[in-house]
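Given these sequences and hints, build the entire structure.
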Amino acid sequence: MDPKAFFTTSRVLIVAGKGGVGKTTVTAVLAKAAAACGLTVRVVAIDEESPLGGLLGLPKPLGPKVVKVTPQITAQLVTPMQALDDYLRDHGMRGVTSQLSRLGILDVVASAAPGIDDILVLAKIKQLDKQQVADLMIVDAPAAGHAIPFLRAPRALREIISVGPINTQAVEAGEMLADSTRCQVILVALAEETPVNEAIETAFALEEDIGVTLGPIVVNALYPAVDDLVAPPRARSAIATAARFRLARLQAQEEHRDRLAVGLPLPQLVLPFVFDASLTSETTDTLAEVLLEAIRAL
Amino acid sequence: MVSEAVANLADVIDGRSIIVCAGPGGVGKTTTAAAMALAAASRGRRAVVITIDPARRLADALGLTAGLTNQPQQVKGIGPGELWALMLDPKQTFDDVVRRYANDPEQLDRILNNSFYKNVSGALSGTQEYMAAEKLYELHHDDRFDLVIIDTPPTRHALDVIDAPRRLTRFLDHRLYRAIVMPARIGLRVVNFAAQAVLKTIAKIVGGAAIADVVSFFQAFDGMEAGFGERASLVLALLTSPETAYVIVTAPRQDRLDEAAWLSAQLAERKIKPAALVVNRAHPDFGISAVEARAEASDGDPAWTNLAQLAEVAESEERLITPLIAAVAPAPVVRVPLLVRDVHDLSGLGDVAAHLVGR
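In the order they appear, the protein sequences are chains A and D. All the letters of the first sequence, read from the start, carry residue numbers 1 to 298 under this note's numbering. All the letters of the second sequence, read from the start, carry residue numbers 1 to 359 under this note's numbering.
In case anyone wonders, no lab produced these hints; they're calculated from the structure. Among the clues, some could well be false.
[Said to hold, decoys possible] Listed next, the in silico DMTMM-like pairs over lysine to aspartate or glutamate satisfying Cα-Cα at most 25 Å (straight line): (1) D:Lys118 x A:Asp209; (2) D:Lys118 x A:Asp179; (3) D:Lys118 x A:Asp117; (4) A:Lys60 x D:Asp258; (5) A:Lys60 x A:Asp86; (6) A:Lys60 x D:Asp11; (7) D:Lys273 x A:Glu49; (8) D:Lys273 x D:Asp11; (9) D:Lys91 x A:Glu159; (10) D:Lys273 x D:Glu292; (11) D:Lys91 x A:Asp209; (12) D:Lys273 x D:Glu4; (13) D:Lys91 x D:Asp109; (14) A:Lys65 x A:Asp117; (15) A:Lys130 x A:Asp86; (16) D:Lys118 x D:Asp95; (17) A:Lys60 x A:Asp276; (18) D:Lys91 x A:Glu201; (19) A:Lys65 x D:Asp258; (20) D:Lys91 x A:Asp117; (21) A:Lys60 x A:Glu48; (22) D:Lys118 x D:Glu106; (23) D:Lys76 x D:Asp142; (24) A:Lys68 x A:Glu282; (25) A:Lys60 x A:Asp47; (26) D:Lys271 x A:Glu49; (27) D:Lys91 x A:Glu49; (28) D:Lys76 x D:Asp89; (29) A:Lys130 x A:Asp179.
Shown next as structure tokens:
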């Protein structure tokens, strides 16, 4: 598939996956790959501790202010509090947020209507999409088990709140999620037991419950094979032990990839394991090239 | 031979009565917590592990085929001590707490059936963490156990286990709450008006039905906040006492280590020193340096090329871990190598335990 066609299938890509699978790395890699196709990209982090800034080569973590990463890539942090602040300011209620938060009222409201913080974030993303801030927006979804409740929030909240501005936001955010020309979810998994199981469960929950369209699944950190490597069964030398280790891992990950392919009929984009444990912006540059190759081969 | 770090983690397991496992997501925290509990049981302790992760694999590995529940279940075939496991159900635990402090059955009913309560007990940020702390306290005072090990949510929420009791009391002690409840009690009409104004604003945003639920929830809760507050102080005291050990679990990748470093700084802010650092999924050391292997691999020999790559990653991991080791010093550091297969049964869990405390 032509990479540019791939990156213009929908305007928003939401990258989701459990903690530790490299979701944030993949977000940065996707952004760089899309930019390499000549597109402008807005990267959105939702998590205040997100390491996205560093992976994009910025000296500081991302904040609410939009920063220019390269001529084509811009990035920003969107938090519920700041999204609420923007919303209230746009509706003539500047400065109310800090008061609400100081009084702890936001806690009460968030509990009265769970998912309201997610709606605020999704509504902000929807608004950025409407403003067409870039050709493509890539969102690093919340970590761990929160991706499903995050994306389910519009539907859940519409049941609790049937009228008013929040309802409108929930309806519109839900429309964005359900429209495959506007939004797709890219799942990230590792070729390991638990990550594969979780990716399959998450995929079905997202498709059936929420009606989002799933793009190809990214299988991250796959050990590359070493040509002609053989494992002498009993030799105790370092090279023999290392060869057995490598081959056993390769075999296990093949099994898990097959299991993923059977459990989840989605095309797989494979990114290699990086033999340098320090993840830097250069690492994501290299991975972006690999990803473009993988997309061409789809 | 048992390394010094391993001996020290064994001391923690032998000597403390609570172990809190904290760290980033996806580094094997749940398995580490279970392996420590198994190690403790095989060293003669009566250990119970609380997991907050719906990890079916852990239940299977422990041979608890019916799955983990909110009540401890004993794992068969362990000795000389005992191993018990449970999975936290925050909603059920919250119900138990309410049951304990409710003044009468009628109040209990009103709370349990309130839809705001149903949301709070399932979704209020920090509820899960508070209930984890609550469960920890309950099991600590249960005579069946002398060691409680808990697996916490991923990093940023890990310390909510410590902070949540205070936050929940603050929530219940909230001005808005007082404003809603007090007029009914002592007729402070001025406060009532102010509260009504706030409520009306919120109602405009989230809808009137949600607010009506909030008001009736706080009214139903009336008279229970003192009990909650007292309990929260006891829980907090236990979590910051020397009986409790914090073990940081991480993996040797830059992002995981950054999160672990953040966690260790957060602990330091609360004047808590980690009792140990567990580095999971470290690449094994095959005893030959990357430079040597690289030289041998210069003619393209696949076996040496493989060893060179693996040695390089192992060495880069060691370099990355160094600052964290310094940050948590003098806490012992235990490395658990990357396993080719996931833990599927007690013997697999035993292998992990052996890495933690020695055979």
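Worksheet item: D:Lys273 and D:Asp11: Cα distance at most 25 Å?
Response: With Cα atoms ~15 Å apart, D:Lys273 and D:Asp11 stay inside 25 Å; holds.
Worksheet item: Does D:Lys118 pair with A:Asp117 here, judged by a C-alpha cut-off of 25 Å?
Response: Holds: D:Lys118 and A:Asp117 sit about 18 Å apart, inside 25 Å.
Discussion item. So if I understand the rule, the pair passes when the alpha-carbon distance is 25 Å or less; does A:Lys68 with A:Glu282 pass?
Written reply: 18 Å, holds
Worksheet item: Keeping to a limit of 25 Å between CA atoms, is the pair of D:Lys273 and D:Glu292 held or broken?
Response: 39 Å, violated
Worksheet item: Holds or violated: D:Lys91 with A:Glu201, Cα cutoff 25 Å?
Response: Measuring from Cα to Cα gives roughly 23 Å; hence the hint holds.
Item to complete: Please work out if D:Lys273 and A:Glu49 have their alpha carbons no farther apart than 25 Å.
Response: 23 Å, holds
Worksheet entry | Straight-line alpha-carbon gap A:Lys130 to A:Asp179, limit 25 Å | 14 Å, holds
Practice prompt. Would you mind confirming whether the straight-line C-alpha gap from D:Lys271 to A:Glu49 stays at or under 25 Å?
Written response: Satisfied, since the Cα-Cα distance of roughly 22 Å is no more than 25 Å.
Discussion item. Can you confirm whether the C-alpha distance between D:Lys91 and D:Asp109 stays at or below 25 Å?
Written reply: 15 Å, holds
Worksheet entry | Pair hint outcome, A:Lys130 versus A:Asp86 [Cα-Cα no greater than 25 Å] | 15 Å, holds
Discussion item. Checking one constraint from the list: CA of A:Lys60 to CA of A:Asp47, max 25 Å. Satisfied?
Written reply: Holds - the C-alpha atoms of A:Asp47 and A:Lys60 are around 14 Å apart, at most 25 Å.
Worksheet entry | Straight-line alpha-carbon gap A:Lys60 to D:Asp11, limit 25 Å | Measuring from Cα to Cα gives roughly 41 Å; hence the hint is violated.
Violation of the numbered hints given earlier is confined to hints 2, 6, 10 and 27; the remaining hints are satisfied by the structure.
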